[in-house]
Each structure stands twice: as structure tokens, then as C-alpha cells.
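Protein chains in written order, with my numbering: chain R, 283 to 548; chain V, 283 to 548; chain W, 283 to 548.
Everything labelled a hint here was simulated from the structure, so no lab data went into it.
Given the structure is predicted, the values throughout are model-derived calculations rather than measurements.
Just so you know, not all the hints are guaranteed correct.
Since the list gives no way to pick one copy over another, a pair counts as held whenever it fits inside one copy or between any two copies.
Derived BS3-like pairs: lysine-lysine, alpha-carbon spacing no greater than 27 Å straight-line [as the list claims (entries may be wrong)]: (1) K370 / K459; (2) K418 / K459; (3) K546 / K459; (4) K516 / K418; (5) K370 / K418; (6) K516 / K364.
Letter by letter, the chains look like this.
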Amino acid sequence: MDNQVFSEVFSRAREHHPLVHHITNYVTVNDCANITICAGGAPVMADAREEAGEMAGFAGALVLNIGTLNPGIIESMICAGKAANDHKIPIILDPVGAGATRLRTESTLRLLDELAIAIIKGNAGEIGVLAGADAKVRGVDFAGINGDPVDIARTFARDTGITVVMSGPTDIITDGKRILLVENGHPVMGRISGTGCMASSVTGVCAAVSTDRVTAAATALAAFGLAGERAAEKSRGPGSFRPALFDEMAALTAKDVVTGARVKTA
Amino acid sequence: MDNQVFSEVFSRAREHHPLVHHITNYVTVNDCANITICAGGAPVMADAREEAGEMAGFAGALVLNIGTLNPGIIESMICAGKAANDHKIPIILDPVGAGATRLRTESTLRLLDELAIAIIKGNAGEIGVLAGADAKVRGVDFAGINGDPVDIARTFARDTGITVVMSGPTDIITDGKRILLVENGHPVMGRISGTGCMASSVTGVCAAVSTDRVTAAATALAAFGLAGERAAEKSRGPGSFRPALFDEMAALTAKDVVTGARVKTA
Amino acid sequence: MDNQVFSEVFSRAREHHPLVHHITNYVTVNDCANITICAGGAPVMADAREEAGEMAGFAGALVLNIGTLNPGIIESMICAGKAANDHKIPIILDPVGAGATRLRTESTLRLLDELAIAIIKGNAGEIGVLAGADAKVRGVDFAGINGDPVDIARTFARDTGITVVMSGPTDIITDGKRILLVENGHPVMGRISGTGCMASSVTGVCAAVSTDRVTAAATALAAFGLAGERAAEKSRGPGSFRPALFDEMAALTAKDVVTGARVKTA
Numbered sequence: 283m284d285n286q287v288f289s290e291v292f293s294r295a296r297e298h299h300p301l302v303h304h305i306t307n308y309v310t311v312n313d314c315a316n317i318t319i320c321a322g323g324a325p326v327m328a329d330a331r332e333e334a335g336e337m338a339g340f341a342g343a344l345v346l347n348i349g350t351l352n353p354g355i356i357e358s359m360i361c362a363g364k365a366a367n368d369h370k371i372p373i374i375l376d377p378v379g380a381g382a383t384r385l386r387t388e389s390t391l392r393l394l395d396e397l398a399i400a401i402i403k404g405n406a407g408e409i410g411v412l413a414g415a416d417a418k419v420r421g422v423d424f425a426g427i428n429g430d431p432v433d434i435a436r437t438f439a440r441d442t443g444i445t446v447v448m449s450g451p452t453d454i455i456t457d458g459k460r461i462l463l464v465e466n467g468h469p470v471m472g473r474i475s476g477t478g479c480m481a482s483s484v485t486g487v488c489a490a491v492s493t494d495r496v497t498a499a500a501t502a503l504a505a506f507g508l509a510g511e512r513a514a515e516k517s518r519g520p521g522s523f524r525p526a527l528f529d530e531m532a533a534l535t536a537k538d539v540v541t542g543a544r545v546k547t548a
Numbered sequence: 283m284d285n286q287v288f289s290e291v292f293s294r295a296r297e298h299h300p301l302v303h304h305i306t307n308y309v310t311v312n313d314c315a316n317i318t319i320c321a322g323g324a325p326v327m328a329d330a331r332e333e334a335g336e337m338a339g340f341a342g343a344l345v346l347n348i349g350t351l352n353p354g355i356i357e358s359m360i361c362a363g364k365a366a367n368d369h370k371i372p373i374i375l376d377p378v379g380a381g382a383t384r385l386r387t388e389s390t391l392r393l394l395d396e397l398a399i400a401i402i403k404g405n406a407g408e409i410g411v412l413a414g415a416d417a418k419v420r421g422v423d424f425a426g427i428n429g430d431p432v433d434i435a436r437t438f439a440r441d442t443g444i445t446v447v448m449s450g451p452t453d454i455i456t457d458g459k460r461i462l463l464v465e466n467g468h469p470v471m472g473r474i475s476g477t478g479c480m481a482s483s484v485t486g487v488c489a490a491v492s493t494d495r496v497t498a499a500a501t502a503l504a505a506f507g508l509a510g511e512r513a514a515e516k517s518r519g520p521g522s523f524r525p526a527l528f529d530e531m532a533a534l535t536a537k538d539v540v541t542g543a544r545v546k547t548a
Numbered sequence: 283m284d285n286q287v288f289s290e291v292f293s294r295a296r297e298h299h300p301l302v303h304h305i306t307n308y309v310t311v312n313d314c315a316n317i318t319i320c321a322g323g324a325p326v327m328a329d330a331r332e333e334a335g336e337m338a339g340f341a342g343a344l345v346l347n348i349g350t351l352n353p354g355i356i357e358s359m360i361c362a363g364k365a366a367n368d369h370k371i372p373i374i375l376d377p378v379g380a381g382a383t384r385l386r387t388e389s390t391l392r393l394l395d396e397l398a399i400a401i402i403k404g405n406a407g408e409i410g411v412l413a414g415a416d417a418k419v420r421g422v423d424f425a426g427i428n429g430d431p432v433d434i435a436r437t438f439a440r441d442t443g444i445t446v447v448m449s450g451p452t453d454i455i456t457d458g459k460r461i462l463l464v465e466n467g468h469p470v471m472g473r474i475s476g477t478g479c480m481a482s483s484v485t486g487v488c489a490a491v492s493t494d495r496v497t498a499a500a501t502a503l504a505a506f507g508l509a510g511e512r513a514a515e516k517s518r519g520p521g522s523f524r525p526a527l528f529d530e531m532a533a534l535t536a537k538d539v540v541t542g543a544r545v546k547t548a
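Make the full structure from the sequences, and use the hints.
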């Protein structure tokens with residue numbers, strides 16, 4: 283595939299420094315803030331109902347991540363999401379652990395019902411459960427799916443009108459019509475906490491500067507995966523991998539994206 | 283002492299990847315998640331009352347850490363703890379700062395009263411205060427104890443039926459009958475935030491795969507301390523020590539535990 | 283300028299290990315805890331209304347940071363702040379994002395109204411908005427100010443009786459009479475999340491051991507900036523910069539402060 287389109291989105295993020303508003307979990311929030319900066323964005327985290335909508339109105343994208351949800355946080359997400367919808371700001375939803383508990387599944391379904399989500403990004407278990415497939419989630423990790431993941435993702439995207447990112451060794455990105463497969467990444471990314479959340483943040487950065495959701499998501503996952511590949515080469519284990527991941531994400535150039543992105547159509 | 287028993291628990295954690303549910307503080311939660319992975323477990327953090335019990339029911343161990351407690355979090359801990367008790371899942375309690383404020387002391391006493399705790403891990407000040415000894419806590423740090431720490435820990439364990447881990451340069455582990463002393467560790471571990479919390483997480487990983495609480499706790503503290511010793515050799519200060527600690531914990535082998543654990547009976 | 287006075291404050295922090303109580307945001311709280319330790323202090327984070335005042339009463343300084351504020355947290359800040367005022371403990375206020383949303387601006391004004399703040403530290407946008415100048419904040423970042431920053435800071439300090447730290451490439455510190463300019467620091471400090479928050483924590487450490495607010499703040503910013511300069515030399519990007527920053531802060535000596543602080547009077 284011609285990677286020029288991805289490198290253009292990538293460069294645009296670096297030029298425009300979009301403000302990316304997050305309502306996210308307190309486990310990986312610091313990683314999300316830092317990877318947003320490394321990807322070219324300006325992160326802001328504001329989860330009080332009293333300001334979440336106002337802050338979202340200033341942002342280029344809104345990332346909602348339910349990793350440590352509670353009913354109050356979901357209300358703030360609804361407030362921020364409605365403001366984002368009113369301002370035509372794309373919302374990226376990361377339904378962490380949907381399928382593991384009723385609260386997570388039902389809260390995600392409520393967000394999908396009340397808000398116009400641009401991109402939903404989850405593992406095959408989370409997306410599978412939401413799509414009504416026979417899928418399993420253990421804690422916040424993928425634990426199995428019956429059926430073809432590409433078919434499940436495509437049907438879910440077609441039925442909802444949402445661009446679906448099903449993360450895994452190969453990431454599946456689809457709006458129901460187009461399907462892109464991103465093969466960048468490294469296994470060590472699954473051995474630290476937060477790479478999934480960070481991928482959503484980078485997707486927010488890219489979606490803030492591109493109205494083509496599929497391209498924005500593919501740019502984010504290819505670039506982040508590429509940074510992960512390079513960081514893996516320079517680290518001794520999961521501990522040293524993390525600082526290296528931020529270094530590589532910050533050092534990544536548009537040219538690196540052209541030469542290194544491994545994206546194909548399905 | 284024959285370290286074979288510790289290396290077996292250590293290996294079992296790596297094989298079984300137990301889910302370790304945490305309700306913990308927002309200061310060191312990311313470290314807890316990552317060290318859990320490095321020790322072989324799968325971390326999940328879910329503190330909403332609406333799901334804490336449900337999530338605990340799926341887990342292999344439950345870690346309760348009151349580092350940034352509030353009354354709502356304590357209710358969630360009670361919910362999760364009751365579910366853990368119902369499912370015979372071991373609870374590890376880290377009473378951070380008990381003795382420093384009334385809220386911390388009283389909340390810990392309530393958790394001890396309403397839940398069947400498997401292992402309590404604290405510094406000599408925290409354990410001392412809870413045991414009714416003349417002990418002091420300053421902020422969240424040990425500030426002094428009168429009396430013999432081993433006696434205080436043993437009596438507290440005997441009276442409560444809880445396995446007690448009193449952390450320090452030498453960690454004291456006792457169920458009121460057996461007493462193990464773990465000498466692994468390095469002073470730099472006291473110069474970063476979160477090593478105490480991380481030790482509790484690793485204890486959760488080990489307790490999930492061993493019904494012998496004393497052995498599980500000794501395995502955790504010896505392995506974590508050993509990783510700390512090795513990380514200290516490879517780092518220049520507390521900043522570089524932290525990534526090295528995760529690297530070394532992830533790289534540690536059962537054989538390393540056999541040769542490196544320094545555990546003796548008192 | 284003779285740097286002896288700064289090196290003395292710096293040394294005193296290392297000797298006295300002051301307890302620094304934080305009510306701060308969950309994005310950068312771990313960094314705040316660790317930099318406090320590296321600067322010689324003992325961090326404690328306790329934000330429940332039920333204990334915030336009690337904990338503040340034991341501390342050497344109280345750092346209030348509104349990065350992820352909500353109405354409940356503001357109440358806890360008021361409780362802790364009143365206890366700090368009663369005990370003559372200095373309060374350092376970091377009004378993160380004041381000017382960006384009504385909640386942030388109004389909450390800051392309420393804290394300024396109800397508490398006796400010793401030092402307020404913000405970027406030129408935040409301080410400018412609070413001073414009534416024509417200033418802008420985008421998310422949590424400085425976005426512009428009309429007028430002379432030194433004049434605005436000095437007038438604000440004079441009118442309020444609060445020592446003002448306006449952070450930037452050159453930090454401006456003033457109590458309305460004296461003005462110090464600190465030129466230490468490195469641009470990469472603006473490329474990671476949390477350096478502003480960490481600067482406030484280090485200011486808390488220094489304010490706990492010096493009643494001269496201007497000197498305390500200048501010591502903190504010079505020492506922290508100096509650590510940043512050294513860390514920048516030893517790192518490859520923002521990811522490796524962070525552990526290096528903690529290493530360098532921990533390794534910094536009083537002699538380094540004498541030779542390296544770049545502070546001048548305006």
C-alpha cells in the first residue's frame with residue numbers, strides 16, 4: 283500500500299498540535315499524556331462533570347477510556363461526548379474490559395447509544411462481545427473469540443456506522459466497507475500495561491487532523507507500532523522498553539512512516 | 283534454607299498467569315500493574331462498587347491497598363473482599379499509613395473486622411500500630427517501634443489468624459507459628475515511591491498459586507528483593523532503577539530464585 | 283548572584299526530610315511523589331476530606347494542584363489548607379489550567395479567597411488570567427499574554443501578598459518587592475507531562491525548610507532546572523529523559539547548586 287497518506291496525517295499532527303481531551307483510567311493516564319505529546323498532540327485530562335463538556339469543546343478529539351470507570355465518570359463522559367458531538371469533534375472510545383463485568387458492558391452500550399462515536403478501539407474480546415459474537419474477556423485482556431475477527435469487525439462497523447479498530451498482533455481497521463490490516467508492533471507491547479490505552483490516545487491525535495477515520499486509525503496504529511518495534515530493539519525488557527517507546531515515538535519522522543508502515547487491505 | 287519451594291511457587295505463577303484484582307491507590311497503581319505482569323500475573327484494577335465484587339469473583343487474588351483511601355473506596359473494598367471470601371480467593375491487605383491518621387487506622391480495623399484477610403503486609407510502624415504496640419507512622423513511612431518486631435508480628439499473626447509480613451531491611455513473615463526472615467532487597471528500593479505497594483502486588487500473584495501463605499509471601503519478597511538487588515547494580519540512581527527493576531523482575535528465573543533467595547527461619 | 287543561600291536551603295531539605303502533603307492530580311502524581319523523594323522530602327498524598335486536614339497538620343508543606351480537580355477535591359483542599367494555615371505550614375498552589383475552564387478559574391479564586399497561600403506557581407497564562415491580565419490558556423498549556431510578564435507577576439504578588447512563580451523559559455519569582463529570574467532548565471522539560479507539577483513539589487520541599495518564600499522557590503526551580511539540564515545531556519528523548527531527571531535530581535549536591543544555579547535579580 284502507498285504509505286504516503288499515513289505520513290501526511292502523521293505530519294499534520296506534528297504541525298497542528300491538536301488538543302486531545304481524555305477521560306481515562308488512573309492506571310495508565312500518565313502514559314496516555316506522554317504518548318500524546320510524543321505523537322504531536324497536547325493532552326488534557328478533565329473528568330469533572332462541571333468542566334468536561336466545556337473542555338471537550340476546545341479540543342480536536344475526545345478519548346473516552348473506561349479502564350477504571352464508575353457511574354460518575356460515565357456521566358462525565360456523556361457530558362463531554364455531547365459537547366464533542368455538538369462541536370463535530372471526533373470521539374474515540376476504548377471500552378476497556380467490556381464483556382468482563384456488567385458495569386463495563388452496559389456502560390459501553392450506553393455510551394454507544396447516547397453518543398455519536400467516531401472510532402471504537404478494543405481487543406477482539408471487547409469488540410466481539412459488543413458485536414454480539416461469542417467472545418470472552420478476562421479482566422481487561424482478550425480471552426477468545428469464535429468466528430472470523432475481520433467479519434465480526436466489519437459487520438459491527440456496518441451496523442453501527444462506527445469505525446472499528448480491533449487490536450491484536452494484526453490490527454483490523456474497518457468502517458464496514460474498507461478494511462485495513464496493520465502489522466506493525468512487537469510482542470513486548472503486550473508485556474507492559476497501557477499500550478492499548480496509548481494506541482487510543484495516538485488515534486485521538488490522528489483523528490483530530492483527519493476526517494478519514496480509517497486512515498487516521500491506521501496512521502496511529504502503524505506509527506505507534508513502528509515506534510514499538512524500534513523501542514524493542516533498544517531495550518532489555520519491559521521496564522526499559524517503556525522509556526524507549528516514548529523516545530522512538532517522539533523521534534519518528536514522516537519518512538519513517540513511509541518506509542516502515544506495514545498496512546495492507548484485506 | 284532449601285529454596286526449591288520458593289522457586290516452585292515462582293514458576294507456578296509464570297505458568298498460570300493468575301488474574302490479580304487490585305483496589306489500590308492512584309499514586310503507584312501503574313507500578314503495581316506492571317510489576318504484576320513482570321511477576322507472571324495479569325493485573326486488573328476495578329474500584330467501582332458496582333463491579334468490584336463481580337471482578338473479584340474472577341480473580342486468583344485480591345490486593346487491597348489503602349494508600350489513597352476514602353470512604354467510598356473502603357465500601358468497594360468491602361464488596362470486593364466479601365466476594366473474594368465467598369470464592370475462597372486470598373486477600374492481601376496493605377494498610378498504607380495506618381497509624382498516621384484516624385481514617386487509615388479505623389478503615390484498616392474495619393477491613394480486618396469484616397473480611398477474612400489472608401496476608402497483611404506493612405512496615406513495622408503500620409503493623410505495630412495495628413498490633414497495639416507502641417509504634418509510629420509518619421505520613422506513609424515507618425517512624426519507630428518499641429519492642430521486638432518479630433515478637434510483635436508473631437503475636438499479631440497468632441491473635442488474628444492472618445499471615446503477617448512486616449517489611450523492612452529484613453522482612454519478617456509469620457503465621458504465628460512459623461517465622462521466615464527474607465534478606466533480599468536493596469536500600470535504593472526505599473528511595474523510590476511504590477516498592478512497598480509493588481511487593482504487595484507480587485505477593486498477590488504468589489498467593490494466587492499457593493495455599494501456603496507464608497511460602498507465598500516469602501517467595502514474593504525474595505523474588506522482588508532479588509530483582510531489586512540486580513536492578514541496583516544496573517542503574518545510576520532512583521530514576522533508572524525503576525525501569526531496571528521491571529526488567530529484572532521479568533527476566534528472573536526459577537533458577538535465580540533457587541540460587542539467590544536469602545530466606546532463613548527465625 | 284551569590285548562590286550560597288540557595289545551596290543552604292537545598293542542603294537543609296536533604297537534612298530534614300520534610301513531609302510534603304500533596305492533594306494533586308492523578309496524571310502526574312507518581313512523578314510528584316518521586317521527585318519529592320529525590321529532592322530530600324517525604325511525600326504523602328491524602329485527599330479524603332476525612333483525613334486531609336489531619337495529615338496536613340503533620341506536614342512541613344502542603345502542595346495543592348488542581349490538574350484533575352472536581353468539587354469534592356476542592357473541599358478537601360480547603361480542609362487541608364485550613365489545617366495548614368492553623369499550623370503555619372506553607373501552602374504551594376499550582377492552578378493547573380486556570381483560565382481554561384470556569385471550574386478551574388473559579389476554584390482557584392475560591393482557594394485564594396479562603397486560604398492563606400504562601401506561593402502560587404503557574405505558567406504565564408494561568409498567572410496572567412488570575413491577575414486579571416489579557417492572557418490565554420489552552421487545555422493546561424500557556425497560550426499567550428499581553429503585557430510585561432514581570433510587571434504582571436509583581437503586581438499580582440503585591441496585591442495578594444502571595445509569592446508568585448511564573449514559570450517559563452525564564453522563571454519569574456517575586457513577592458512584589460524582590461524579583462528573581464531563574465534561567466535553569468531545558469526545552470525537553472516541556473516535552474514531557476508533569477515537569478510543572480514536579481516543580482511545585484520541589485518548591486514544597488524547599489518551602490518546608492525556609493521561611494523566605496522567594497529564596498525557597500528560587501532554590502527549587504534552579505535545582506530542578508539544573509537537574510533537567512544534566513538529564514537532557516544523558517538522554518535520547520523525552521522517554522529516557524524522565525528516569526534521567528530523577529537520577530540527576532537525586533545526585534545533585536549543594537556544591538552543584540552553588541556552581542550551577544543561574545539566578546539573577548530583575
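Structure-based check of all given hints:
1. K370 / K459: within (22 Å within a copy, 49 Å between copies)
2. K418 / K459: within (26 Å within a copy, 43 Å between copies)
3. K546 / K459: within (14 Å within a copy, 63 Å between copies)
4. K516 / K418: neither (34 Å within a copy, 40 Å between copies)
5. K370 / K418: Answer is between: at 23 Å across copies they meet the 27 Å cutoff, but 34 Å inside does not.
6. K516 / K364: neither (43 Å within a copy, 45 Å between copies)
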